[in-house]
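Visitor: Given next are the chains, with one letter for each unit.
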Amino acid sequence: MSAETQNHECLCESCDTFDFTQLDKVLDEYRDLQGNLIIILQEAQEIYGYLPREVIKHISEETGYTEAKIYGVATFYAQFRLQPIGKYLIMLCKGTACHVSGADRVEEAIVNELEISDGETTEDRLFTLNNVACLGCCSLAPVMMVKTDEGEETYGKLTPESVIAIINSIRKKEDLEA
Amino acid sequence: MLSNKKHMTINGEIVPFSDEKNILEVIRNAGIDIPTLCYYSELSTYGACRMCIVEDDRGNVITSCSTPPKDGMVVKTNTPKLYKYRRMILKMLLSSHCRECTTCEKSGNCALQALAKRFGIESVSFDKSKKAFKDEYEIDRSSNSIVRDPNKCIHCGDCVRMCSEIQNVGAIDFAERGWNLEVTPAFGDKIANTQCVNCGQCAAVCPTGAITIKNEISKAWDAIYDPDLRTIVQIAPAVRIALGEMFGLTHKDNVLPLIIAALRKIGFDEVYDTSFGADLTVIEESNEFLERVENIEDHKWPMFTSCCPGWIKYAENKHPELMPQISTCKSPMQMFSKVVKEELNVNREHMKDTRKPWVVAIMPCTAKKDEAARDEFKTNGERDTDLVLTTQELGNMIKQAGIDFNSLEPEAADLHYGMFSGAGVIFGVTGGVTEAVIRRLVENKDMASLTGISFSGVRGLEGLKEVSVPYKDMMVKIAIVNGLANFEALLERIESGELEYHFVEVMACPNGCINGGGQPKSNKEIRSERSEQLYANDKMSRIRFSESNPFITRAYKVIIKDRHHDLLHVEYEIEKEMKAARE
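Top to bottom, those sequences are chains R and B. Under the working numbering, the first residue of the first sequence carries the number 1, and numbering increases by one thereafter. Under the working numbering, the first residue of the second sequence carries the number 1001, and numbering increases by one thereafter.
Quick caveat, the hints were computed from the structure, so don't treat them as lab data. Because the structure is a prediction, the values reported are computed rather than measured. For glycine and all other residues, C-beta sits at the position ideal for the given N, C-alpha and C. Some hints could be false.
[Stated by the list, open to error] Simulated restraints on C-beta separations:
1) P1324/B to E54/R: 25 to 31 Å
2) P1227/B to K57/R: 48 to 54 Å
3) Q42/R to G1059/B: 41 to 47 Å
4) E54/R to E1571/B: 50 to 56 Å
5) L82/R to N1078/B: 43 to 49 Å
All chains, please: the whole structure from these sequences, using the hints.
Guide: Pasting the structure below:
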């Protein structure tokens, strides 16, 4: 997570410091567009990494959509997150090709290693696991993509052992940086 | 013969139609009761429940609510195929519905229960042990007015559309999807922590027990049988013209004397009328208006009425900047409670009955339950109005007591607070407050003048009405609005400078209190009958002007004296905060 995103991260009750500068630009850009809510939510999630309550409240005040309505849209689509994600977002492919090549066993290994299930984030905020449908590179099945603020890395031909090795190498890198 | 008009064939009969928006309306106008769970003519068409299906001449099954009528259309409403489909839909709805009917607040009044009976559903074969059957949702009892039980929700969306389309509140909406779909406030919050204004219109349209009015009947029984309490009951204007519906009486029957008799049989010690409070409101509000007119430059215009607690809450939530423009008058209910309790304080030495007074208000309104609980309406920490029951709750109480309502002997209310003017009684319908205030303002108080006022445009159930009344050398411009979305639209036009008024009457519920959230279930026809009946009550009153009510004069002389500001006016907490912030 970049320093910028870190600043936006807010789980406290007093949110005087919440920075809406970037979001306000988005709101200005799409204000008059019909059906703008999903675009605004996508952009907001891009800025904050997830959709914090304060952000939904701010969008509601600026657009006139009720909080209940925005919450409804945010919970309808799987792409939106109401909880912060880890620095490394693991997108594990559960498409047909990966499924028949053993994605379930890979998932089991991740779940056991990180002690989180689909959609959850580790306590140290390092990893979030998201099962996704096809990533589009079936020749590498079973496959996963690890997304950070710096970019994405794709790992193919996974086994329960190789996936744990990948997780450990990320942990090592983090330890060194720290 | 059939050349000029459009016609469709329903069950083999030729039926004319004109501008009906869907074939459902045409079919219902033809006298066929098509079942629906998600259709209300005043809300947008949703087409979720599929109960209104009809079969066309090619055997296609279509939803009548979302199909516009076409000339020459042929439909059947009751074929074996439709019967089978409707039963299947009902069974599927029931499979994920909490079916503990005997302990449900809505039992006997539930549209789903009624349809299950009508279509002879004797068993539900779907497995309810798995995910489809939800009985794990927490019941939300946070509100002073309504209770939300998501386990009984059938996802018709009636409440969602009512709350956003008609009331512009949008406290609840659909969230999640598939079998996790639910109607909820944002983030699963408690309803009391949302922008809910407690109008209860969601409960009024909910076909099941998913949203119900908070039931407080047992508190009333406890008080009545408490030897230390002297129970005083006040009946709001709109109750008298709706309660009879619960006992099969027509709107022509004069129900008020029966209600009074029933309240005495139930055991209330003194039976009074909130219309007395409305008379006080007319005097105070017109005085306040005239004071503001005297200093017309010092005030922001228009002045808004303050009787409706749903509207007050809406203003606090969405337009706190309007609070200084809202009349400082308490609602008639709160004025009444305060003055009655004050009378007992003033005259304590002369009274034989030394029990503690306990005021119960019978209201058409669910927001009143919340209003009565507000800190602004407490004296030394105790509520001025101790309990608010809705029209429906009173009806249920009468049934609980085993009173044969229709064979009661008519009785009259007690003095001094059972006496009211016709101006006080019309508060129960949109335009009523305005008409009552105009009666106070006009100099000429004869019959012709009264009739003139009634035809000035104040009457009628439209969402927005405009009237102009001459007062001295000025023309008082008035708007009357009901339904909060209608208010919001009006406010936009006022703020843009397009419209200018001196006085705006706002009622949160569509049509005013006659259609309050606590009233028995109604439709357009019933509401217009209720309105007519309320005006008939006014006509039957010997006193037509609030200031002519001798007991109002007495109250000012003996009780209120120069303390009208303390007793009859209120400054809401939010206004105090705003004032403090300005200083």
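Visitor: Each of the hints needs a verdict: does it hold here or not?
Guide: Here is how each hint holds up against the structure:
1. Separated by about 30 Å at the C-beta atoms, P1324/B and E54/R satisfy the suggested range of 25 to 31 Å.
2. Restraint check, P1227/B to K57/R: a C-beta distance of roughly 51 Å satisfies the suggested window 48 to 54 Å.
3. At roughly 44 Å, the beta carbons of Q42/R and G1059/B sit within the given window of 41 to 47 Å.
4. Between E54/R and E1571/B the CB atoms are about 31 Å apart, so this pair departs from the stated range of 50 to 56 Å.
5. For L82/R and N1078/B, the Cβ-Cβ distance of about 47 Å falls inside the hinted range of 43 to 49 Å, so the restraint holds.
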